[in-house]
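> So the protein lines, in turn, are chains A and B. For the first sequence, our numbering assigns the number 1 to the initial residue and increments by one for each residue that follows. For the second sequence, our numbering assigns the number 125 to the initial residue and increments by one for each residue that follows.
By construction, these hints were calculated from the structure, which means they are not laboratory data. Fair warning: there could be bad hints in the mix.
[What the hints assert, rightly or not] As a list, the in silico DSSO-like pairs of lysine-lysine whose alpha-carbon atoms are at most 30 Å apart:
#, chain 1, residue 1, chain 2, residue 2
1, B, K279, A, K115
2, A, K46, B, K129
3, B, K279, A, K46
4, B, K129, B, K211
5, B, K279, B, K129
6, B, K169, B, K211
7, A, K115, A, K46
[Unchecked claim] Selected chain A positions facing chain B (in silico; Cβ < 8 Å):
#, residue
8, P36
9, T89
10, Q90
11, L91
12, Q93
[Stated by the list, open to error] Some chain A residues well away from chain B (every beta-carbon gap over 10 Å; in silico):
#, residue
13, S4
14, G10
15, V11
16, A27
17, A28
18, D34
19, S50
20, A79
21, A81
22, A94
23, L107
24, I121
25, T122
Small disclaimer: the values here were computed from a predicted structure and weren't measured. C-beta: ideal position from N, C-alpha, C; glycine also.
Listed here are the chains, written in short residue letters.
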Amino acid sequence: MALSLDSYLGVHAQALTLEAQRTEVLAANLANADTPNYKARDIDFKAALSAANNGADPSGNALGTNLPGNNLKYRVPMAPALDGNTVDTQLEQAAFAENSVRYQATLTFLNARLKELMTAITGS
Amino acid sequence: MSSFKVFDIAGSGMSAESVRLNTVASNLANADSVSGDPTQVYQAKHPVFQSVQALGEAALGPAALGGAATLSVASNQLAQQASASVKVSGITANTAAPEARYDPSNPLANSDGYVYSSNVNVVEEMTDMISASRSYQNNVEVMNTARNMMLDTLKLGQS
Numbered sequence: 001m002a003l004s005l006d007s008y009l010g011v012h013a014q015a016l017t018l019e020a021q022r023t024e025v026l027a028a029n030l031a032n033a034d035t036p037n038y039k040a041r042d043i044d045f046k047a048a049l050s051a052a053n054n055g056a057d058p059s060g061n062a063l064g065t066n067l068p069g070n071n072l073k074y075r076v077p078m079a080p081a082l083d084g085n086t087v088d089t090q091l092e093q094a095a096f097a098e099n100s101v102r103y104q105a106t107l108t109f110l111n112a113r114l115k116e117l118m119t120a121i122t123g124s
Numbered sequence: 125m126s127s128f129k130v131f132d133i134a135g136s137g138m139s140a141e142s143v144r145l146n147t148v149a150s151n152l153a154n155a156d157s158v159s160g161d162p163t164q165v166y167q168a169k170h171p172v173f174q175s176v177q178a179l180g181e182a183a184l185g186p187a188a189l190g191g192a193a194t195l196s197v198a199s200n201q202l203a204q205q206a207s208a209s210v211k212v213s214g215i216t217a218n219t220a221a222p223e224a225r226y227d228p229s230n231p232l233a234n235s236d237g238y239v240y241s242s243n244v245n246v247v248e249e250m251t252d253m254i255s256a257s258r259s260y261q262n263n264v265e266v267m268n269t270a271r272n273m274m275l276d277t278l279k280l281g282q283s
């Protein structure tokens with residue numbers, strides 16, 4: 001049985017792509033913190049990841065460039081500003097920090113998997 | 125390459141906030157400017173921020189807001205433009221009437237002895253300055269974090 005690298009890396013490869021995209025969305029929210037009528041957005045991570053998993057092409061590399069799909073949603077503001085901006089800077093900062101830690105964690109998982117593979121290949 | 129878009133976004137935020145800081149500096153420097161002609165006196169300037177994406181903000185609409193859930197669904201098209209950078213679309217001048225002050229000894233006073241001082245609100249400018257500076261720092265932090273994430277990704281499988 002041939003080893004499929006995609007299934008070997010598991011969910012982490014997709015999670016890394018998704019986390020990179022979430023970084024972008026949150027960076028956009030923070031950059032537009034003072035833009036009138038800007039509506040803050042976020043990726044529904046759980047739904048997006050399960051969609052990416054179910055939609056994954058079993059033959060491999062066809063993971064979409066458009067992972068968030070319908071899972072990109074608007075934030076419901078707790079205290080909307082008069083200028084129509086719904087960015088809560090503190091909330092976005094917290095989400096950004098959390099997302100970057102998740103990204104590092106995924107990288108660690110991927111590194112561990114690759115190291116396992118190297119051990120199996122070299123046999124030492 | 126989409127992974128590097130985050131640098132463009134944070135960079136656009138930094139440049140917009142520095143324009144805002146520049147207008148604050150200009151307003152504060154001219155806070156005590158006077159003129160004998162009410163049409164010539166300095167008017168406070170304020171930048172107008174606008175988000176840049178293929179789909180206009182008007183199309184987004186506030187309709188999706190206010191649901192019971194924390195997040196509500198945006199249309200599929202929007203997913204293509206997941207991220208928006210920011211630009212300064214223009215500088216507006218505060219058109220509030222300048223304050224007239226009776227000061228006949230001032231060399232700039234008009235024939236009736238009045239000078240007109242600028243309509244800059246110094247307190248407002250100071251708060252604006254703090255806000256702009258904090259937003260700038262936010263964008264710097266985003267860029268630093270993204271940079272570290274990219275560098276760690278480059279090292280994937282090497283350790």
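> Determine for every hint whether it applies to the structure shown.
Verification of the hints:
For the hint pairing K279(B) with K115(A), the CA-to-CA distance comes to about 13 Å; that is within 30 Å, so the pair holds. At most 30 Å may separate the alpha-carbon atoms for a hinted pair to count; K46(A) and K129(B) meet this at roughly 23 Å. As the CA atoms of K279(B) and K46(A) are separated by approximately 27 Å, the hinted pair is consistent with the 30 Å bound. For the hint linking K129(B) to K211(B), the alpha-carbon distance of about 15 Å falls within 30 Å, and the restraint holds.
The straight-line distance between the Cα atoms of K279(B) and K129(B) is roughly 20 Å, inside the 30 Å bound, and the hint therefore holds. For the hint pairing K169(B) with K211(B), the CA-to-CA distance comes to about 16 Å; that is within 30 Å, so the pair holds. Between K115(A) and K46(A) the alpha-carbon distance is near 27 Å, which keeps this suggested pair within the 30 Å criterion. At about 7 Å, the closest approach between the beta carbon of P36(A) and any beta carbon in chain B falls short of 8 Å, and the interface hint on this residue holds.
Hint on T89(A) holds. Least Cβ distance to chain B is approximately 7 Å, under the 8 Å limit. At about 10 Å, the closest approach between the beta carbon of Q90(A) and any beta carbon in chain B exceeds 8 Å, and the interface hint on this residue is violated. This hint is violated: L91(A) has a C-beta 11 Å from the nearest C-beta of chain B, more than the 8 Å allowed. Using the Cβ-Cβ criterion of 8 Å, the hint placing Q93(A) at the interface with chain B is satisfied: the shortest such distance is roughly 7 Å.
With a cut of 10 Å on Cβ distances, S4(A) stays outside the contact zone with chain B, its closest approach being about 17 Å. The non-interface label for G10(A) is consistent with chain B: the shortest C-beta to C-beta separation is roughly 15 Å, beyond 10 Å. Non-interface call for V11(A) relative to chain B: holds, since the shortest CB-CB distance, roughly 16 Å, exceeds 10 Å. With a cut of 10 Å on Cβ distances, A27(A) falls inside the contact zone with chain B, its closest approach being about 5 Å.
Non-interface status of A28(A) relative to chain B is broken: a Cβ of that chain comes within 10 Å, the nearest being about 4 Å off. With a least beta-carbon separation of about 6 Å from chain B, D34(A) fails to lie farther than 10 Å from that chain, contradicting its non-interface assignment. Residue placement check: S50(A) keeps its beta carbon more than 10 Å from all beta carbons of chain B (closest about 15 Å). Every Cβ of chain B is farther than 10 Å from the Cβ of A79(A); the closest lies at roughly 13 Å, confirming the non-interface assignment.
Consistency note on A81(A): stated as away from chain B, and its beta-carbon is indeed over 10 Å from all of that chain's, at 12 Å minimum. Every C-beta of chain B lies more than 10 Å from that of A94(A), the closest at about 12 Å, which supports listing it as non-interface. Its closest Cβ contact with chain B, about 6 Å, brings L107(A) to no more than 10 Å, contrary to its assignment away from the interface. Every beta carbon of chain B lies more than 10 Å from that of I121(A), the smallest distance being close to 12 Å; the non-interface claim holds.
With a least beta-carbon separation of about 14 Å from chain B, T122(A) lies farther than 10 Å from that chain, consistent with its non-interface assignment.
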